[in-house]
Every structure is written in C-alpha cells, then in structure tokens.
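S.K.: Just need the whole structure built from these sequences, with the hints factored in.
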Amino acid sequence: MKIIYQYAYLIISCYFIIISCSSNTEPTKPDIEYPTILYPIGRIKADSIQNSFNTSEIKISIDDYGLFSFTDFFERGNSNITDKSIAVKLAKESLLKYSKYSNITDTSTIELKDAVKNDISLTGFSDWIISFKNQKQDGIEVLHSEINVIVHDQVKRIIGHHFNDISIPKLNIFSKEKIQEKIVGHKFEAGGKGSSEVIITSDMIIKDKISKNIIWIELNDSIELHVVWNIPLGYSSEIIRWNFYLDILSGEILSYSKN
75 MKIIYQYAYL IISCYFIIIS CSSNTEPTKP DIEYPTILYP IGRIKADSIQ NSFNTSEIKI
135 SIDDYGLFSF TDFFERGNSN ITDKSIAVKL AKESLLKYSK YSNITDTSTI ELKDAVKNDI
195 SLTGFSDWII SFKNQKQDGI EVLHSEINVI VHDQVKRIIG HHFNDISIPK LNIFSKEKIQ
255 EKIVGHKFEA GGKGSSEVII TSDMIIKDKI SKNIIWIELN DSIELHVVWN IPLGYSSEII
315 RWNFYLDILS GEILSYSKN
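Counting from 75, one number per residue, gives the positions in the sequence shown under the working numbering.
Among these hints, one or two may not hold up.
[As the list claims (entries may be wrong)] Beta-carbon label-pair distances, calculated as ranges: (1) S205 <-> I123: 21 to 29 Å; (2) G151 <-> E292: 28 to 36 Å; (3) N128 <-> D277: 55 to 63 Å; (4) S130 <-> S205: 32 to 40 Å; (5) D188 <-> N154: 18 to 26 Å; (6) E263 <-> K210: 29 to 37 Å; (7) E107 <-> N128: 36 to 44 Å.
Hint data in this document are derived by calculation from the structure and do not stem from the laboratory.
Every residue, glycine too, gets a C-beta built ideally from N, C-alpha and C.
M.R.: Encoded structure:
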C-alpha cells in the first residue's frame, strides 16, 4: 500500500511540473491562419487594370496586388467646389465605386483626417486633397494605410487602399509586459550621420506609450500583415527616438524606425 501511495504521489508531482513548465512556455502557435498574406496578381494584369482607367476622367496607379498604389503622384489641377462637404462626399463615393481596388465597402468605417482646398495664389492650384486616417481593424490601427483623394470638379486620383480580412490572433500572444523582455539587451544602429550602436535597456522603454498596431511588410514577393507591439524608445519619457515593432505572437523584431 505504501508503494502505491508513493507511486500516486510521483504521478501527481509530475503532473504539476508539466503544468508549470507549460505555463512558462513562450507563445508560438496561432489560433488562426496568421499572418495574413497578399500575393501579387502579376504586373501584366495590374497594367491591364491600370490602362482600363486611361479612358476615364480618374487617373490611378495599380500596385502588384491589384489595389490602388500607395506610391503615386498627385494629379494637380483646379476646382470650382467651395463646399468642403461636397468634396468629401465625392471622395467617399469614389472609394465605394472602386471598392475592388480601395477595399472600402462601407464609408462609415473610414475617418476623415483632413480636407484642404489649395490656395491658387500660393500653390497655383485650387484643387482639394481629401485625406482619410489609417485603417482600423478590431480597433487596432493599421500603420501606413492612409488614403488620399484628389478632387477637381470631380475625383481625379485615388492614392492608397485598405486591407481585407486581416487575421488577428487572440490566443498564445505575448502580453504587453512579457514582450518588453524580448527587446532588452538588443543591439541596433541608432541611425543618422555617424550613428553608433545602441543597446536597449529597460529604462529606454517608454512604457505608457506602448501600443498594439498592424503593420504590412513586403517580403518575398508578397505582403504580410502582422499584429505587433509598437514599443517606443527614448532617453526621456517626453521624446520618442525610435519605434520597435515586435510580432505579438512570435516576439520577433520585425522592423524599427527612427523618429
């Protein structure tokens, strides 16, 4: 009987050791298909779509993924529109009309950033530049997803797009506190002329400004959308010098930027 009790105790002890180890395991497995990946449609097809707009009043550039390009020039000109609400209305209507390329199917999901009518005496143009803020998915901001619409007497050019069906992991993710451990001790080039190597310390992390974002990265002829912890760094809490973007699931440093 004593042997049986000892054996049972050993099993229970092993069980709690396994549970304890499991709880300390770093997050690795997504609960959904992640990251979201966009694949190119081919430049020939993209050019064909772009050329189909050449006969219309609106001028656009189509990227390799079949969407309005973020890198485009402003089609400058003049506008007789004086009412801001009319210019904004035209911009929203055009995003819906060309939803296949803007990924905007509901204008209630986009937020106006600015609507500026240029002063012809200063710029030589009197057109409108209508800007919409970065996309938000489940309340998380998608960085660098701003859309600009150039309006003459009608919409002349659309620059930028949103993204569809972004996967957002809910399970097995790094917490805001745990992710900071992944960055402390990391070395990086500070950037700028005569830049030197910087080693990240805990004191450099501006903890009250850490945020969750979505970033898109062009990699291996595709675009990957990652949910990240955006960790700001600096030598004081008032000035952000760098932003580091760490994947919320793997903890990997995907990129960083200098401010």
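S.K.: Please go over all the hints and tell whether each is borne out by the structure.
M.R.: Taking the hints in turn, this is what the structure says about them:
1. For the hinted restraint 21 to 29 Å between S205 and I123, the CB-CB distance of approximately 24 Å keeps it satisfied.
2. Distance hint check for G151 and E292: the Cβ-Cβ separation is about 31 Å, which falls inside the suggested range of 28 to 36 Å.
3. Hint check: N128 to D277, Cβ distance near 56 Å, so the stated range 55 to 63 Å holds.
4. Checked against the given bound of 32 to 40 Å, the beta carbons of S130 and S205, roughly 23 Å apart, lie outside it.
5. Distance hint for D188 and N154: a CB-CB separation of about 20 Å, consistent with the stated range 18 to 26 Å.
6. Taking the beta carbon of each, E263 and K210 are about 32 Å apart, inside 29 to 37 Å as hinted.
7. Taking the beta carbon of each, E107 and N128 are about 37 Å apart, inside 36 to 44 Å as hinted.
Violated hint: 4 only; the structure is consistent with all others.
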